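Quick note, the sequences are listed as chains C, E and L, same order. Heads up: the first sequence begins at 744 in this note's numbering, then just goes up one per residue. Heads up: the second sequence begins at 3 in this note's numbering, then just goes up one per residue. Heads up: the third sequence begins at 1353 in this note's numbering, then just goes up one per residue.
Simulated from the structure, these hints should not be mistaken for laboratory data. Check before you lean on any hint, since a few could be wrong.
Rough simulated footprint, nothing fancy, chain C against chain E, three-plus residues with beta-carbon under 8 Å [stated by the list, open to error]:
#1 73 to 80
#2 87 to 100
No more than 30 Å apart at the CA atoms, straight line, and that leaves these computed lysine-lysine pairs for DSSO-like [unchecked claim]:
#3 160/E with 227/E
#4 1391/L with 863/C
#5 110/E with 984/C
#6 189/E with 110/E
#7 110/E with 76/E
#8 160/E with 110/E
#9 160/E with 189/E
#10 160/E with 59/E
#11 1590/L with 274/E
Cβ-Cβ distance ranges computed for the label pairs, FRET-style [stated by the list, open to error]:
#12 1012/C with 320/E: 52 to 58 Å
#13 911/C with 1362/L: 35 to 41 Å
#14 890/C with 1680/L: 33 to 39 Å
#15 1360/L with 890/C: 52 to 58 Å
#16 1601/L with 75/E: 46 to 52 Å
#17 1365/L with 861/C: 48 to 54 Å
#18 1381/L with 890/C: 35 to 41 Å
#19 907/C with 383/E: 54 to 60 Å
#20 907/C with 386/E: 57 to 63 Å
All of these numbers come straight from a predicted model, not from anything done at the bench. Built from N, CA and C at the ideal position, the CB exists for glycine as well.
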Amino acid sequence: MTGLLGGIDPVVLVASLMVAAVPIMLAAIGELVAEKAGVLNLGVEGMMIIGAVCGFVGAVETGSPLAGFVAGAAAGAGLSLIFAGLTQLLLANQVATGLALTLFGLGLSSLIGQGYVGIKPPPTGDVPFGPLAGIPVLGTILFDHDPLVYVSVLMVAAVWAVLRFTRAGLILRAVGENHDAAHALGYPVQRVRLLAILFGGAMAGLGGATISLIRVPQWTDGITAGAGWIALAIVVFASWKPWRVLVGAYLFGGITVLQLNLQAAGARIPVEYLSMSPYLITILVLVVMSADRGRAALRAPAALGRNFHASR
Amino acid sequence: MTRPALLTAEGLTKAYPGVVANSDVSFAIAEGEVHALLGENGAGKSTLVKMIYGLVKPDAGAMTLRGAPFAPSKPSAARARGVAMVFQHFSLFEALNVAENVALGMEKPPRMGELAGRIRTVSRDYGLPLDPDRLVGDLSAGERQRVEIIRCLLQDPKLLIMDEPTSVLTPQEVDILFQTLRQLARKGTAILYISHKLEEIRSLCDTATILRRGKVVASCTPRQKSARELAELMVGKVLNAPARSEAPKGAVALEVANLSLRSPGAFGTALKGVSLAVRKGEILGIAGVAGNGQDELLLALSGELRSARDAVRIDGAGMGDRGPNARRRAGLVAAPEERLGHAAAPDMSLTENALLSGAVRQALVRRGFIDWRATRAFAEGIVRDYDVRTPGVGVAARALSGGNLQKFVVGRELSQDPGVVVVNQPTWGVDASAAAAIRQALIDRAAAGAAVVVISQDLDELIEIADRFAALNGGRLSASRPTRGLSVDEIGLMMGGAHGMEAAHLDHA
Amino acid sequence: MITLERRPGPSRFWTAVTPLLAVVLTMVAGGAMFAILGKDPVVAIRTIFWDPLFHPDFAAYSRPQLLVKAAPLILIAIGLSLGFRAGIWNIGAEGQYILGAICGAAVGLGFYPTEAWYVFPLMVLAGGLGGWLWAMIPALLRTRFNSSEILVSLLLVYVAQSILSSMALGALRNPEGGGFPGSRNFASYPSGANPELVAGTGLHWGVAAACIAVIAAFVLLQRHILGFQIRLAGEAPKAARFAGVAPDRLVVLCFGISGTLAGLAGLFEVAGPAGQISIDFGSGYGFTAIIVAFLGRLNPIGILLAGLLMALTYIGGELAQFMLGLPSAAIQAFQGMLLFFLLAVDLLSNYRPRFVGPRRPA
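Same shape as in the complex, but just chain C (with noise of 0.2 Å):
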């Protein structure tokens, strides 16, 4: 078995691939709010590359990787503000804005990253789970992971609990499902989006600091890569339910960390075949998941995209 996987522990490789999914998995359970409460921002990659360089800086100049993670959430919540006074209450074309949004971010963080470039960040430590840890194969993919593995799980959980179960989680949806209805009824609908962009963004952010205090860990322009396009491919793949994102985000993230390791084993398919591969497969599974017209018409909320304004 592990000759086929060029020489890879299976077990070394459910954990790797685990912690290979947090940002995507953090930055698609944000989107999904977003997107459930109508609102598409294609910005994403622009939120986690801001969040990856200011949670990277936050925690460079505090020591602190908390910090970071913390000021890296702010940044994304902080650039998903202008995403939303634009397109709630300038009413923008939302496409068109997720769009600049993504091109700004990339600009400006490289700008804020001009001085960072080869530091090495404050190392975030695993959570001490002390024996559990040892535990053969279980205790390696269970136990032996940095916070940010159990804050994604806990984060896809906390989304699933409140859209299903508080009034909070079904005002959101209605708000996607029907703005003008929720508006007729009473809800503010701009405020819910106002939030729900919010919460999206510093998901985001967060996602972003992972990669460059976790995955890499340090700051190069660009070290997203296309994580974000991969977030919101991932919120089509799954329907716009919860758990399905982390089905999404672990595959994805298995994905990454296989072709990752082909490529450092010497495997004989020519690197840039490799690297491209998430991406191809994310195009593959975006094309079977949307080719099924009926079902996915019904998942995707009905108000998605469009802007709101009331009239009278």
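With chain C fixed as given, assemble chains E and L onto it according to the hints.
Using the frame of chain C, we list chains E and L on its own:
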């Protein structure tokens, strides 16, 4: 026996740029009274009611509820004081289930399990049974209205406002709804009933306030007036029924044979084995409440939805697999229900909108290039012939009032010298004089030899202009019968009867 | 309190004025950003916008660069604008640009060292075809499987970049290049080159193509039924279907046009100013063209002007980098800001701000 006043309104005024929606409106509703708010489209009924429900703030005037000042700043404030509203265009969420929809309309809903139980009980008691777990998107229009009503009833309202509730009901369902409303009134709930359907108001309501152009023009007891008197109060002038021609009908121009189609939308109605035939010079009226397949039928006839080749035949030629422009070439024109967004592009000028459907039959495009001069002339002709009030043909479609835009849309289709005309809801949301003009135009076109299909929710309109009558129910079309001599009961049965509603079985007060 | 009220029809005045307003606002905000970076804002703005055109020492060099930088931006943006108007979002123009360059360069290098009149035209054909094929992938996946063309076209950019690396290091590597990555330079192959046609102006075949594209797009949108259908599809999709527009055909057409134009831009660039296939050939024109398209309000003349303006920011940015030490990323952020401001002021064409007095106590 004077009942105490529940709601009073004094001098309510609301103006928007360009139009005064309500001007110095005053009236009073007593406890347990069924009060009608009567007026044609555009008279200001919706705005007045939005002020009562807290969706809109009046510019001037005041209201009291049971003696205390009443000025809700938002709907939840109105709900908290006991005012509930059933909207004309339902505020429902198709992808959520009945219980979730009801919870969203309530202030402090109980837990889902308890709510589901209460929905089951209350809906059954009032004769409007509902299953709390069903997705609203899967419900018929009448069932959706039940969700709206139950949502209100669960909050024990003192005042129930109903905005044009019967447009989605068959005559039998209307009767049952009225029984439910009378029960409610007997138990002390006042009802504010908004409508322009005179016979219903005469049958149901105790008092009526009549609005015209934003002002109160009369208050009366509807039962003491005839429908014609009420109509004249509403419109302000005498209306004449349109002139019908008695010319013999020609050959069959449009034939639909066993048409079955899936709906393009997630929650639409599929067409099942629809068959019809319309002769030249004949008007076929198709009745059916919303959600029974009207939109799908129009799309299937206009060519936006394709079907088997011989399922739709125009002058004998199979056209089912061809698109809209091929059908226009064959002589079929269509006017969809949705004026802004479907029949016309809101931000485009009238000239451009004339090009939209007239390109083929009016030869406005030569070798791919548009002849803008000819298009402008075509648009100007429509404006002139159909009395469309507009500063010019360069204005955007959305700048026109509903009635004028509808005149333009219908006029655009009729000006193309068509052989077959299909219209869906030709006078919905249109003021009385424009509506009369549109109906006369349709009759004139039929007299000139076209085969006309009118799909409408307005039974009075169909009885007035159609030669033959058929009903669309759940995607199935009944056999067509001559309109003359058809009774309201028979029509109701053709439309599907009562759809599961039953007489309310509450204890009488 | 300010509320927004819908205008009866789009305001012609504001539609024309908003791009100018956006530029002014960006200069102000950009100036603030430069100040934070420790540069004199006025000097920085002047260096970016004024000096490339009029500075006595540099202008002679930088002015021709204007056309060189603007041509690919305009060419790509024209193609994108048609799709954007119809609500068809081709975000992967960068990938189509790269593929066009690769295909065209491959054909040219295949003919090397043959000198013949037909080499360059064949390269142009290959370039357009390469971009077209790459754009057909998201187009067909959308029409057959209803998958998001935004995500597919975007993800293919990353794939295209991988292919580019692979070509630069492998298949297209210059055998006489001493082992370094990168293809043979077209400057040394006259039949395959895209030279400056008039000395000192930066005019090359790409510039000519951009001009033709602008004129063709203008005629298409104003006078041709296809242009009308594109506009209709974007503004009122249901009305478009009512008018007989086939949405699938439109998707394939718009992606086809934008892919071809992007591929051509790539070919003209690789055979001209860039000179060779290298790992960093993809300079982001495909993405900047999106900003150009919006800045030009999706209008061909607007795009012409916006492309020149954006090219100015590129050249001015390089100048500022050289003279003031301004980091190049600042320019990218600046360009992103431009799009933001444009989107923000855009609503003025359709909505009127109204000042509503304090609420009367009810």
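Which numbered hints fail: Per hint list: zero violations.
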